[in-house]
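Add chain B to chain A, keeping to what the hints say.
Those protein sequences? They're chains A and B, same order as listed.
All the letters of the first sequence, read from the start, carry residue numbers 1002 to 1075 under this note's numbering.
All the letters of the second sequence, read from the start, carry residue numbers 76 to 368 under this note's numbering.
I should point out that these hints are in silico values taken from the structure, not numbers from a laboratory.
It is possible that part of the hints are untrue.
[Claimed, not checked] Cβ-to-Cβ under 10 Å is the rule here; a few derived chain B residues that face chain A:
(1) VAL108
(2) ARG149
(3) THR166
(4) PRO167
(5) PRO188
(6) LEU246
(7) THR292
(8) SER320
(9) GLY321
(10) ILE345
(11) ALA353
(12) LEU357
[Said to hold, decoys possible] Some chain A residues well away from chain B (every beta-carbon gap over 10 Å; in silico):
(13) ARG1043
(14) SER1049
(15) TYR1050
(16) ARG1052
Glycine included, every Cβ here is placed at the ideal spot set by N, Cα and C.
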Amino acid sequence: MTTHLKRLLRHTPIVLAMAFLLGSSRPAHAGCMIAFADCAVRAAAETSYWRSGFATADCELELADCVRRALIGR
Amino acid sequence: MPALVVIALSMAGAAGQLRVHTSSTRMPSSLIVGRAVCSHGTWLLTEHRDLILVTHPARQVTVQRLEGLRTNDRLWGLACLTDGTLWSLATPRVLIRIGAEGVVRERVELRFPRVAVFGWTDRLLFIDLPLLVAKPLLATAIPRSRGESMPWPRFLGRAAEARADLIARNLVNCGIGSGRRLPCWFADERRVIVSDGTSANTVSFAALAARDVAAATPIWDLAMGGADTLWLLASARGTAGGAVSGARLIKTDGRGTELATLVLLPSARIIVAATDTACVLLTVEGSLMEVTG
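Okay, chain A solo, but in the shape it has when bound (with noise of 0.2 Å):
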């Protein structure tokens, strides 16, 4: 795997939260989406490309846990 590419997954977590950020703007959830960018950039910070896989896609479960709070929580 080229230096390059290696680079570029690396940043794919990165990516995928100014996706996140960038693509939704409902206020309900807008917290949730701010707690999950600053998890995707501790999940970027991991040590190798799977650790920072798992790790994003904990993320993801605790975005989801997030929205389900703040959408059907009562």
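Below, chain B without anything else, positioned relative to chain A:
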């Protein structure tokens, strides 16, 4: 065990046909993450691990702390099956069975992360990840089964511009059913789909066209009172951008035709129980309110 004494405070005649009784009991105020209706009562579960039972029809209230959870458990959902067992999600990957005494009795590892769980007859109704656009979103399975699930009618994954919105767009909530029929709805929709697991029909509500209804969550809650009665709790955003809650209770027939409506003061968090002639609500102040008519 704090007993609930239902007191007829006043016959607030906001709806003409509907009458209100409010209890003096105060329930925990933390976020309700699950509700399950069993034959003897309704269970509510809060994010702070309060397990609340409101019995039918006496309205006796018991609050206990759920025991046996692990440090990182973060509860979501509640389901009561026909055998009386109570289930919830301790994490997206772990299903738990809760004993009636409020202790976790069993942990079941899930193959896929689960974002929602409800009860339907002897099966769990759930949403698993990943969410797939245009594919069945909800499925049912017996609690300990591995891979033997059945798709639930009508709910297909909806597309979204961003992945975060994919989760929000596909969140489904379910109300209180009657027999095998269970009403469920997308969180942002103004209609419910009532299904028995095989067939389904859609019910729309004209009352949800009102301007004060919160667009992101117009249906705050819904219960089937019986064969031909629905109790719809319509949402409204609080003043000055405050929290959303159920501001109006609308009684309709099975086709969604309005029979009576009542502006709720205080507003309601959730429906606890319903029959053809009565609907019991938990108010934002923590009291139980019984609406009859």
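(message) For the restraint on B/LEU357, tell me whether the closest CB of chain A is nearer than 10 Å.
(response) holds (8 Å)
(request) For the hint on B/PRO167, just tell me whether its beta-carbon gets within less than 10 Å of chain A. (result) holds (5 Å)
(request) Closer than 10 Å between Cβ atoms is the bar; does B/THR292 clear it against chain A? Give me holds or violated. (result) The hint holds - B/THR292 has a Cβ within 10 Å of chain A, the shortest such distance being about 6 Å.
(request) Using 10 Å as the Cβ threshold, decide whether B/ALA353 counts as touching chain A. (result) violated (20 Å)
(message) Over 10 Å from every CB of chain B: does A/ARG1052 meet that, or does the non-interface label fail?
(response) It holds; A/ARG1052 is separated from chain B by about 18 Å at its closest Cβ, greater than 10 Å.
(request) Beyond 10 Å from every chain B Cβ: check whether that's true for A/TYR1050. (result) holds (20 Å)
(message) Please verify that the nearest CB of chain B lies beyond 10 Å from A/ARG1043's CB.
(response) holds (17 Å)
(request) Using 10 Å as the Cβ threshold, decide whether B/ILE345 counts as touching chain A. (result) At about 5 Å, which falls below the 10 Å cut-off, the nearest Cβ of chain A leaves the hint on B/ILE345 intact, so it holds.
(message) B/GLY321 was flagged as interface toward chain A. Is the shortest Cβ-Cβ separation under 10 Å?
(response) This interface hint holds because 9 Å falls under the 10 Å limit.
(request) For the hint on B/THR166, just tell me whether its beta-carbon gets within less than 10 Å of chain A. (result) holds (8 Å)
(message) Less than 10 Å between beta-carbons is the criterion; does B/SER320 satisfy it with respect to chain A?
(response) holds (9 Å)
(message) Next item in the hint list is B/PRO188. Is there a CB on chain A closer than 10 Å to its CB?
(response) Holds: closest Cβ of chain A sits about 6 Å from B/PRO188, inside 10 Å.
In summary, the one numbered hint that this structure violates is 11.
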